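Protein chains: 2
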Amino acid sequence: MKVIRTITALRQEIQVLRANHAGGSGETVVGLVPTMGYLHQGHASLMKAARQQSSIVVLSIFVNPIQFGPNEDFDSYPRDEARDVETARNEGVDIVFIPSVDEMYPQPTQTTVSVSRITERLCGASRPGHFDGVTTVVSKLFNIVQPQKAFFGMKDAQQVAVIEQMVNDLNVPVEIVACPIVREDDGLALSSRNVYLSAELRKEALVLSQALRAVQEAVEAGTAVTAADVRRLLREYIGKSAQAVIDYAEIQAFPSLEPLQDLDELHVFDDLLIALAVKFGKTRLIDNIRIEHMEVLSHV
Amino acid sequence: MKVIRTITALRQEIQVLRANHAGGSGETVVGLVPTMGYLHQGHASLMKAARQQSSIVVLSIFVNPIQFGPNEDFDSYPRDEARDVETARNEGVDIVFIPSVDEMYPQPTQTTVSVSRITERLCGASRPGHFDGVTTVVSKLFNIVQPQKAFFGMKDAQQVAVIEQMVNDLNVPVEIVACPIVREDDGLALSSRNVYLSAELRKEALVLSQALRAVQEAVEAGTAVTAADVRRLLREYIGKSAQAVIDYAEIQAFPSLEPLQDLDELHVFDDLLIALAVKFGKTRLIDNIRIEHMEVLSHV
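Residue numbers (the UniProt record's numbering), protein chains in the order written: chain A, 1 to 300; chain B, 1 to 300.
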């Protein structure tokens, strides 16, 4: 495994690995796992999927300044490069790409890739400009690595929807592979930001997965029939934590993210996303489940 | 030569041609010439450059609706597919890609690639949204064709600057080759829009190249020293046509397009662009010359 910090060296190394693979059978697939580092088992599951589906696995670690708002946690975002490199090695990654901010933005970028509509809701509403930063840096990474597949976690379900929209609209020759959320044994969805939580708040944060599980059970039991039923259940369960401040607790079509009306019946929709963003102290956590053809896909 | 109308068929054909070339010596270079059709000798010069510098030459013909304003000439933009295909054949093009609007935009695009700052001046000022349309469709074409080189005419000098900015900012793996303006014997820069001109207006339009030639001679003679000298000369010459309505007649650094102050002396700048946009009746024409290291690069 190589750790590479410049775009030029990365392109050269991929060319070398591609040439080595070209002799073998079948097509050479470069798989990219774009991350902001501080890797956990959620990231590891992306690397595992990439390893299974690709000839060459590139992991990028870049805390991208332009996707953080002025009052967000860019400076304090947790970093642990040595441990990340070790994790990547254990998962069989071929190249870890760790560019500096200067390498990625030698001048402030004048070019922005932006997706409208589906970026205006949910996280986009409370984090203006966030998704422009994401789609711009993902475009850069795609152009630098030129992967055939890229692996993203469904924990950031809106990010997956936004990137798929970008890929479709711009004919980007990359297949987006969305991988399921990975959870702790007690249900908490893995996140690099969980490290911000005190022991007490971490316990409170369990209401997220509990709320989603309650919805899941109610949908399966047929007691949650409309969007209003789902919204009521979510608020009821999250309300059990005195610390929880809801940013959103919503149900929408996936991947369009068109919100459901209160009276809309769930069975009418093929693919639904139930998504939460809740603040515990200064830490904002997100979680979701997806329901396809009324089947709960990702049990909490 | 193949004429191809769908993205899927185009990608397949490029893959076949790439595989055929891979056996030969050296790297396979795909060269893209993106056009809106109604091809003239200016386009032919781009195809010639592409033929010289590429293994596989793809010409695209697409009148891109999203780069036209609501009151512009999208519907009336001249089209002649049969003649264009013949021109492409004569220039040794391998593939002519002629997608429909539905093929390029099956749904209205939610994704926009936009370049700020250098798009705000010159043509960007009088055609709001125009360059967003250009950078978005060029991104799509780059993603569809995945060329190593793309060929653009310097007649649209600002377009070249904008695309180079986009390529640099987004690490697009395409080399932009800018080719010189091609002119009629009497100096008129070739343009698909020249067909709009009556015989009378076509004659009047010669003031554009005359104004640029006057500046060129004055710079070489040392009588035009400052930006104000250039601006005065341009207006003096264009003023000789009673029909000419100036949109802009400007001098700026290239490729940043930072405007010069009136008192700025030309010799201080490494690379200058003197650019005109002038309306004759309903027809808006553009022309320019470039001066590098005080050497006039493209004599009118």
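Read the hints as simulated data drawn from the structure, not as lab findings. Quick caveat, the model's predicted, so the values are computed rather than measured. Hints are not guaranteed to be accurate.
To be verified - Computed footprint of chain B on chain A; a stretch qualifies when at least three of its residues, placed anywhere within it, have a C-beta under 8 Å from a C-beta of chain B:
#1 63-77
#2 110-121
#3 164-172
As the list claims (entries may be wrong) - Only some residues are given here: those of chain B computed to face chain A with a beta carbon under 8 Å:
#4 M36
#5 H40
#6 Q41
#7 T112
#8 V113
#9 S114
#10 S116
#11 I118
#12 K140
#13 Q148
#14 M166
#15 N171
#16 V172
#17 I176
The beta-carbon is built from N, C-alpha and C at its ideal position, and this holds for glycine as well.
For each hint, the structure was consulted:
1. 63-77: With 0 residues close enough to chain B, the hint is violated.
2. 110-121: holds (count 9)
3. 164-172: holds (count 6)
4. M36: Violated, about 18 Å.
5. H40: Violated, about 28 Å.
6. Q41: With a closest approach of 31 Å, the Q41 of chain B hint is violated.
7. T112: holds, 6 Å
8. V113: holds, 5 Å
9. S114: holds, 6 Å
10. S116: This hint holds: S116 of chain B lies near chain A, its Cβ roughly 5 Å from the closest one there, short of 8 Å.
11. I118: Nearest chain A Cβ about 7 Å off; hint holds.
12. K140: Hint holds; K140 of chain B Cβ to chain A Cβ min 5 Å, cut 8 Å.
13. Q148: violated, 12 Å
14. M166: holds, 5 Å
15. N171: holds, 4 Å
16. V172: holds, 5 Å
17. I176: Check failed: Cβ of I176 of chain B comes no nearer than 14 Å to chain A, outside 8 Å.
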